[in-house]
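When you get a sec, could you build the whole thing from the sequences and use the hints?
Quick note, the sequence shown lines up with residues 1214 to 1360 if you use this note's numbering.
Misleading hints may appear alongside valid ones.
What the hints assert, rightly or not - No more than 20 Å apart at the CA atoms, straight line, and that leaves these computed lysine to aspartate or glutamate pairs for EDC-like:
1) LYS1359 x GLU1245
2) LYS1359 x GLU1304
3) LYS1359 x GLU1250
4) LYS1359 x GLU1265
5) LYS1359 x GLU1331
Simulated from the structure, these hints should not be mistaken for laboratory data.
Predicted, not measured: the structure shown is a model, and the values here were computed from it.
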Amino acid sequence: MYKRWIWAVVALFGLALTGCQVDEQARADAPEAHLDEAFALGGGQEAVIASENLRLRFDQVLEDSRCPTRVDCVWTGQARIAIVVQPNAGEPSTVTFNTNPANGQTVNVVAVGPYAIEMQSLDPYPQSPEDPIPFEDYRATLIVRKA
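Right, dumping it as structure tokens:
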């Protein structure tokens, strides 16, 4: 009976260590980000600007109605994405970007505390309506500056 208990404890300890390694691996896979330098975030991916203790995560694609390249459209469409920003262990906030080219509709710079976050591009561009883009395949190129 005592041996089974010890093996159970050893197994639980091993599982706990494996969980820690997965978290460390996820952090290691995050892109290296720095102030004033562009970096890409994939769908669901997080980056940390270590010098500022600032976290950014590509949370979701709210809309992607951009006109596919293989289609003739009356309207160019737009893409809207949500980025979760968490400065210096504070409360996270969600900001949205919009690629709508209409006058006054584009949102490519958002202020969060002392930071200005700019979305420089959103890739890939849709090719056809029959080929939806999986969330993980999106790449938002961002740059963070101190305002």
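Taking the numbered hints from earlier one at a time, note which ones the structure violates and give those numbers from smallest to largest. none
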